[in-house]
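Just need the whole structure built from these sequences, with the hints factored in.
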Amino acid sequence: MQMRAPRVEREPAASWDFPDERGHFGPYGGVFVAETLQAALGELKDAYETARRDPAFRAELAYELEHYVGRPSPVYHAKRLSDELGGAQIYLKREDLNHTGAHKVNNTVGQALLARRMGKPRVIAETGAGQHGVATATVAARYGMECVVYMGTEDVARQAQNVYRMKLLGATVVPVSSGSRTLKDALNEAMRDWVTNVSNTFYIIGTVAGPHPYPMMVRDFNAVVGKECVTQMPALAGRQPDVVLACVGGGSNAMGIFHAYIPNAGVRLMGVEAGGLGIETGKHAATLSAGSPGVLHGNRTYLMQDENGQITETHSISAGLDYPGVGPEHAWLKDTGRAEYVSITDDEALAAFHRLCRTEGIIPALESSHAVAQAMKLAPTMAKDRILLVNLSGRGDKDMHTVAKASGLSL
Amino acid sequence: MSRIAAVFAKLSAEGRAALIPFVTAGDPAPAGTVAMLRALVGAGADVVELGVPFSDPMADGPTIQRSSERALAAGMTLAKVLDAVAEYRREDDVTPIVLMGYANPIERMGHPAFAARARAAGVDGVLVVDYPPEECEDWAAAISDAGIDPIFLLSPTSSALRIDGVSRIARGYVYYVSLKGVSGASNIDTSDVEAAIARIRAKTDVPVGVGFGIRDAGTAARIAGFADAVVVGSRLVEEIERSSPDEAPARAGAVLAGFAAAVAAAPRKAPVA
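Read top to bottom, the protein sequences are chains A and B. Read in this note's numbering, the first sequence has 287 at position 287, and its numbers run on one by one without any break. This note's numbering runs 1000 ahead of the 1-based position in the second sequence.
Since the hints were made in silico from the structure, they are not lab data. It is possible that part of the hints are untrue.
Claimed, not checked - Each computed SDA-like pair below joins lysine to any residue, with the alpha-carbon atoms no more than 20 angstroms apart:
1) A:Lys45 - B:Ala1031
2) A:Lys45 - B:Asp1138
3) A:Lys227 - A:Gly70
Claimed, not checked - Per label pair, the in silico range of CB-to-CB distance:
4) A:Arg53 - B:Arg1268: 50 to 58 angstroms
5) A:Thr336 - B:Gly1110: 53 to 61 angstroms
6) A:Ala404 - B:Pro1062: 34 to 42 angstroms
7) B:Ala1113 - A:Ala383: 46 to 54 angstroms
8) A:Met400 - B:Ala1120: 45 to 53 angstroms
9) B:Ala1141 - A:Arg53: 33 to 41 angstroms
10) A:Asn200 - B:Ala1264: 36 to 44 angstroms
11) B:Arg1119 - A:Thr312: 56 to 64 angstroms
Stated by the list, open to error - On the chain B side, residues computed to face chain A include the following (Cβ under 8 angstroms):
12) Ala1059
13) Arg1108
14) Gly1110
15) His1111
16) Glu1134
17) Glu1137
18) Asp1138
19) Ser1159
20) Gly1181
21) Ile1200
Where a beta carbon is used, it is the ideal one built from N, C-alpha and C, also for glycine.
Quick look at the structure:
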């Protein structure tokens, strides 16, 4: 039996009541889009405000999350890994066990139900790693909707298996060859589709970015992750964790697990960005660690940009973190000091990937491996009665080719 | 009186709508920007909209996206756009020049620095596509104080409330986006546009220009019959794309001249604001 230190709960932080009515998180967020999209965003905001207060909508969502997604996902004590590291106890929130293999489906189920309420028969999405595309194609099939997924040609090549999954599910995958041919360009293209087909189309954004209400709505749909942890941790570990860790690309899995913990000042929140080949090389996607504020994709937030305000290309071994922006709520959590943001390199993430495979029999997504790697760094510096909770946001089946290639193998 | 107000006053007296070409500054090469301005004004431009290239032009269709990519690849920056305007101003102190682009390059330069440099260069108006009125009070104040008009968009989906809001702060002219979609799409319904212009005119005295989807002289002439200005963009940018850098100004000018003749001959149905 692990010894547990008696714990004094500190005063909760001042309430975190963000965003404001127009979608601002302090100076971040907002609605920075052309006039052509204002009406559609207004309609979406009103529909979401009504739905979230409607017991029928909430009951329908809860039913789908339980019976279709498989919630609640368990929290797992990675005891062998913790013992090997010899410090703090590492617990994993198993979002990898969800239907479709990642947290992304929490949000796509919610938005698809909203699309159905709004009478929109066609859904579109952008995707990087393909996880959000798969999660969108999945719910589109489930609810009988037409589905078009935009994906950068660079990512189409890196994630061929997910492209095929989307096609099996009946979606049309449109390769995007403009700009850097990655997630940001797929998002631009999806926005262009939406503005052109707005009367019959619902745009399911996959992360906590974009114009209001998306950062709030995507956070709310993923907040079930943290809410479950708040209940599960005392039952399993006897108390709440000392640190909650999650990888941050756009930041949806991190906002999902952070949200319920924000008012609990005794819990450190740590976002882990993609350090790529190392921050000093410039080849990374650590937006909060190395970027600066600006306006992209409908919101004000931290961005990777050059001295002329052009968005720069990012690098990460994990396509899902390869994004030059970040959700505006993370920007505000950073500036207020409520959350801290660090980065993990490609090599560190790969090492964590292999170690979790071998010590726990869990193959994590490369995205989630960044959070695992940071926990592995932190654990040995902390006493054995300390607790780290890592959001294991997805499973690594999609990354077999990437990992094999990094190991000099071809499948 | 500002250059923009002077041009609309003069055209109102002549009973003619303004013709406004849009090209991306620095496409195909930064050094050709002044020659392009000269060619467009020579071909009948009453105002010129100069696009500031951005890496992520979310509201633009493929034609203008590609022009942005060409300009950026050739090294165009916001600072060089302002330099080109300043250089052109030495030979033409009459034709209004309006910059059109996205927020981030301007924020990177900083609002006060941008306002000062744009004023010094002789810029007359700025349209920031992703700055709706409610997100940019500071911005609108900063450039208005520098004597530059903040120009805003309205669209077929704009509510009466939003038309009111834009009308209250609009200066220079209002840019009505004539279709649901991105720049360069085709097939606008000119009777729908006419009805929308009437709704906007009821709220504001600022001239109303129409753009997005005006691809031929016939459509331009019909729009010129009731709007205060006709904006032609993607059609010119396509011509530039097909030209060598040396020929681009002359070929864009030749295309614009066709639009100019049609707009000049268009019978006016409504009084100019």
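Here's how the hints hold up against the structure:
{"no.": "1", "hint": "A:Lys45 - B:Ala1031", "in the structure": "violated (45 angstroms)"}
{"no.": "2", "hint": "A:Lys45 - B:Asp1138", "in the structure": "violated (25 angstroms)"}
{"no.": "3", "hint": "A:Lys227 - A:Gly70", "in the structure": "holds (15 angstroms)"}
{"no.": "4", "hint": "A:Arg53 - B:Arg1268: 50 to 58 angstroms", "in the structure": "holds (52 angstroms)"}
{"no.": "5", "hint": "A:Thr336 - B:Gly1110: 53 to 61 angstroms", "in the structure": "violated (24 angstroms)"}
{"no.": "6", "hint": "A:Ala404 - B:Pro1062: 34 to 42 angstroms", "in the structure": "holds (36 angstroms)"}
{"no.": "7", "hint": "B:Ala1113 - A:Ala383: 46 to 54 angstroms", "in the structure": "holds (51 angstroms)"}
{"no.": "8", "hint": "A:Met400 - B:Ala1120: 45 to 53 angstroms", "in the structure": "violated (58 angstroms)"}
{"no.": "9", "hint": "B:Ala1141 - A:Arg53: 33 to 41 angstroms", "in the structure": "holds (37 angstroms)"}
{"no.": "10", "hint": "A:Asn200 - B:Ala1264: 36 to 44 angstroms", "in the structure": "holds (41 angstroms)"}
{"no.": "11", "hint": "B:Arg1119 - A:Thr312: 56 to 64 angstroms", "in the structure": "violated (30 angstroms)"}
{"no.": "12", "hint": "Ala1059", "in the structure": "holds (4 angstroms)"}
{"no.": "13", "hint": "Arg1108", "in the structure": "holds (3 angstroms)"}
{"no.": "14", "hint": "Gly1110", "in the structure": "violated (10 angstroms)"}
{"no.": "15", "hint": "His1111", "in the structure": "violated (12 angstroms)"}
{"no.": "16", "hint": "Glu1134", "in the structure": "holds (7 angstroms)"}
{"no.": "17", "hint": "Glu1137", "in the structure": "violated (12 angstroms)"}
{"no.": "18", "hint": "Asp1138", "in the structure": "violated (11 angstroms)"}
{"no.": "19", "hint": "Ser1159", "in the structure": "holds (6 angstroms)"}
{"no.": "20", "hint": "Gly1181", "in the structure": "holds (4 angstroms)"}
{"no.": "21", "hint": "Ile1200", "in the structure": "violated (12 angstroms)"}
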